[in-house]
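Q: Just so you know, the sequences run in chain order L and E.
Anchor point for the first sequence: position 273 equals 273 in UniProt numbering, and the numbering is continuous, going up by one each time.
Anchor point for the second sequence: position 233 equals 233 in UniProt numbering, and the numbering is continuous, going up by one each time.
Quick caveat, the hints were computed from the structure, so don't treat them as lab data.
The reader is advised that the hints may include incorrect statements.
Going by beta-carbon spacing under 10 Å, a handful of chain L positions derived as facing chain E [unchecked claim]: (1) TRP54; (2) GLN61; (3) SER91; (4) PHE95; (5) ALA96; (6) VAL134.
Partial chain L-side listing against chain E, Cβ under 10 Å, derived [what the hints assert, rightly or not]: (7) CYS128; (8) LEU188; (9) PRO222.
Here a beta-carbon is modelled for each residue, glycine too, at the ideal position from N, C-alpha and C.
Protein chains: 2
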Amino acid sequence: MTLTPGFTGGTLDRADRVRHDPELLATALADPHARLLVLDGLDPVLDEDGHLTWTSLAEAQGELLFLGFEAGEPRFVSTLPEGMPVPMGRSPALFAMLDRFAPADAANYASARGLVFWHGRNRFCGNCGTHTSVSHAGWGRSCPHCGAEHFPRVEPVVIMLAERGDMALLGRQPSWPPGRYSALAGFLEVGESIDEAVRRETCEESGVRIGAVRYVASQPWPFPASLMVACIGEALNDDIRIDVHELEHADWFSREDVRRALARDPDAPFVAPPPYAIAHTLLTAWVEGA
Amino acid sequence: MTLTPGFTGGTLDRADRVRHDPELLATALADPHARLLVLDGLDPVLDEDGHLTWTSLAEAQGELLFLGFEAGEPRFVSTLPEGMPVPMGRSPALFAMLDRFAPADAANYASARGLVFWHGRNRFCGNCGTHTSVSHAGWGRSCPHCGAEHFPRVEPVVIMLAERGDMALLGRQPSWPPGRYSALAGFLEVGESIDEAVRRETCEESGVRIGAVRYVASQPWPFPASLMVACIGEALNDDIRIDVHELEHADWFSREDVRRALARDPDAPFVAPPPYAIAHTLLTAWVEGA
Numbered sequence: 001m002t003l004t005p006g007f008t009g010g011t012l013d014r015a016d017r018v019r020h021d022p023e024l025l026a027t028a029l030a031d032p033h034a035r036l037l038v039l040d041g042l043d044p045v046l047d048e049d050g051h052l053t054w055t056s057l058a059e060a061q062g063e064l065l066f067l068g069f070e071a072g073e074p075r076f077v078s079t080l081p082e083g084m085p086v087p088m089g090r091s092p093a094l095f096a097m098l099d100r101f102a103p104a105d106a107a108n109y110a111s112a113r114g115l116v117f118w119h120g121r122n123r124f125c126g127n128c129g130t131h132t133s134v135s136h137a138g139w140g141r142s143c144p145h146c147g148a149e150h151f152p153r154v155e156p157v158v159i160m161l162a163e164r165g166d167m168a169l170l171g172r173q174p175s176w177p178p179g180r181y182s183a184l185a186g187f188l189e190v191g192e193s194i195d196e197a198v199r200r201e202t203c204e205e206s207g208v209r210i211g212a213v214r215y216v217a218s219q220p221w222p223f224p225a226s227l228m229v230a231c232i233g234e235a236l237n238d239d240i241r242i243d244v245h246e247l248e249h250a251d252w253f254s255r256e257d258v259r260r261a262l263a264r265d266p267d268a269p270f271v272a273p274p275p276y277a278i279a280h281t282l283l284t285a286w287v288e289g290a
Numbered sequence: 001m002t003l004t005p006g007f008t009g010g011t012l013d014r015a016d017r018v019r020h021d022p023e024l025l026a027t028a029l030a031d032p033h034a035r036l037l038v039l040d041g042l043d044p045v046l047d048e049d050g051h052l053t054w055t056s057l058a059e060a061q062g063e064l065l066f067l068g069f070e071a072g073e074p075r076f077v078s079t080l081p082e083g084m085p086v087p088m089g090r091s092p093a094l095f096a097m098l099d100r101f102a103p104a105d106a107a108n109y110a111s112a113r114g115l116v117f118w119h120g121r122n123r124f125c126g127n128c129g130t131h132t133s134v135s136h137a138g139w140g141r142s143c144p145h146c147g148a149e150h151f152p153r154v155e156p157v158v159i160m161l162a163e164r165g166d167m168a169l170l171g172r173q174p175s176w177p178p179g180r181y182s183a184l185a186g187f188l189e190v191g192e193s194i195d196e197a198v199r200r201e202t203c204e205e206s207g208v209r210i211g212a213v214r215y216v217a218s219q220p221w222p223f224p225a226s227l228m229v230a231c232i233g234e235a236l237n238d239d240i241r242i243d244v245h246e247l248e249h250a251d252w253f254s255r256e257d258v259r260r261a262l263a264r265d266p267d268a269p270f271v272a273p274p275p276y277a278i279a280h281t282l283l284t285a286w287v288e289g290a
């Protein structure tokens with residue numbers, strides 16, 4: 001089964017060598033074909049076909065970060081202007097755009113947004129508190145005081161279906177659109193494997209204990225910079241005790257229920273997560289026998 | 001196939017509720033059965049059976065961080081004393097201990113070490129540079145100035161075998177013990193899925209392009225706080241061009257070569273990675289047909 005989660009399939013060659021060679025970076029910056037990603041704060045600006053918009057490097061309001069090469073042409077994004085507060089969460093405008101994205105553009109945007117967010121929230125050295133400066137062509141920050149090097153953070157998150165025969169466990173958070181149910185999820189913690197995080201999170205949120213875990217797929221999730229790791233776990237009990245701080249309801253749904261929800265059947269017992277979320281990929285894989 | 005990578009199988013109940021309820025934390029701190037993990041800097045102190053050493057909370061030199069419950073008894077570790085530089089890398093003493101660890105103790109140590117390291121290197125707010133304070137019973141730090149909440153960082157790393165028929169690609173770094181070869185590995189970056197990171201890293205380090213990727217296993221790696229994600233990728237070419245900044249040599253090895261190395265056969269063409277490294281698990285799984 002070939003799975004193509006949202007925000008995967010980026011087309012930029014990240015060209016790691018440019019991060020380690022100031023001459024290569026200077027050449028890329030001077031290239032007349034170099035382009036800057038247009039962002040509105042952290043939001044993308046899409047054309048009618050769902051493609052990202054690019055402009056000349058001269059338009060940059062902050063510091064240039066090297067994203068990679070697209071067909072040999074250098075691509076950059078800019079940090080937020082000094083003094084602009086970093087937008088937290090997702091804007092209403094972004095929600096409307098996520099369905100319209102051309103797939104490769106969504107992936108390229110995920111890298112750019114994650115990078116810009118990280119620079120905005122990590123201007124100071126965690127080790128000594130000094131203002132740091134951009135390094136590694138935008139893929140790091142260096143501290144002039146203590147010498148610490150900082151690199152963009154990626155936060156692994158486990159997202160999983162507990163499976164019990166022909167049924168899967170789904171839950172909903174109070175803030176979600178009406179009727180929406182999805183896979184349970186949570187941050188993987190220091191000292192855990194993926195399997196262990198799946199077991200802990202499922203049990204914390206629902207009281208359902210998990211035995212064997214199988215990996216299904218992963219995706220980058222740029223809000224702000226997660227790595228979503230989607231799994232299916234064999235449930236060892238079926239009685240549910242939800243953590244009311246996390247969920248407002250959780251229940252078991254059949255493969256047929258899930259199939260109807262994915263098909264947007266108005267009589268389905270719940271509303272499926274959107275296609276760009278890996279929960280959609282995970283439910284699709286489960287329905288197809290993953 | 002049941003795989004049990006090193007540093008997995010921890011026995012502590014992390015009891016997330018304690019992090020959100022100051023009364024539960026106060027009760028745990030006052031519990032006469034509460035115990036403090038003994039560390040020498042960041043190194044463990046092992047008894048003859050490879051077990052961790054625990055003492056009373058009164059011995060703490062820094063701030064107490066709640067690790068979880070072991071059979072109902074609260075377990076803590078302490079931040080490094082204020083002013084002590086955070087040890088970077090692994091000490092020679094630690095290397096000698098890694099082979100001796102009782103498995104569950106290695107896992108419990110991984111969480112504790114990762115947490116202590118993170119507090120030591122993240123005393124200041126990345127957003128505004130202010131000194132932060134311990135929050136969430138040790139699983140966070142709060143900024144008194146800008147209000148930012150910071151949580152321990154886990155760094156996903158992909159580690160992979162490129163597979164070409166009956167052969168697997170292994171490489172060696174110049175700093176490794178003589179004869180040692182292992183799977184290629186590298187940090188997963190912002191905007192990447194696991195599959196994409198496997199393809200990029202393998203190609204960067206060896207020039208070998210990867211098609212389909214299959215997940216094998218994961219482990220926490222507490223040096224300082226990685227999540228190692230082990231995969232096998234189908235190689236699309238077999239000519240190798242190593243990145244000399246990363247590797248000093250890479251080559252294709254047969255299943256029989258790998259089997260002999262894992263068996264510590266003195267005539268094997270290379271020395272296998274140690275059992276606590278997930279590279280060992282990955283090679284074992286590959287030899288057994290994963």
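Q: Against this structure, judge whether each hint is valid.
A: A quick look at each hint next to the structure:
At a threshold of 10 Å, the smallest CB-CB gap from TRP54 of chain L to chain E is about 17 Å, leaving the interface hint violated. Interface restraint check: GLN61 of chain L against chain E, minimum CB-CB distance 19 Å, threshold 10 Å, status violated. Because the closest C-beta pair between SER91 of chain L and chain E is about 19 Å apart, greater than 10 Å, the hint is violated. Hint on PHE95 of chain L is violated. Least Cβ distance to chain E is approximately 20 Å, over the 10 Å limit.
Restraint check, ALA96 of chain L versus chain E: the minimum CB separation of about 22 Å is more than 10 Å; hint violated. The closest approach between the C-beta of VAL134 of chain L and any C-beta of chain E is roughly 14 Å, which is over the 10 Å cut-off, so the hint fails. A least Cβ separation of about 6 Å between CYS128 of chain L and chain E falls short of the 10 Å threshold, and the interface hint therefore holds. The criterion of a C-beta within 10 Å of any C-beta in chain E is met by LEU188 of chain L, whose closest approach is roughly 6 Å, and the hint holds.
Given the 10 Å rule on beta carbons, the hint for PRO222 of chain L holds: about 7 Å separates it from the nearest Cβ of chain E.
Figure legend: structure checked against the earlier numbered hints; hints not met, in rising order: 1, 2, 3, 4, 5 and 6.
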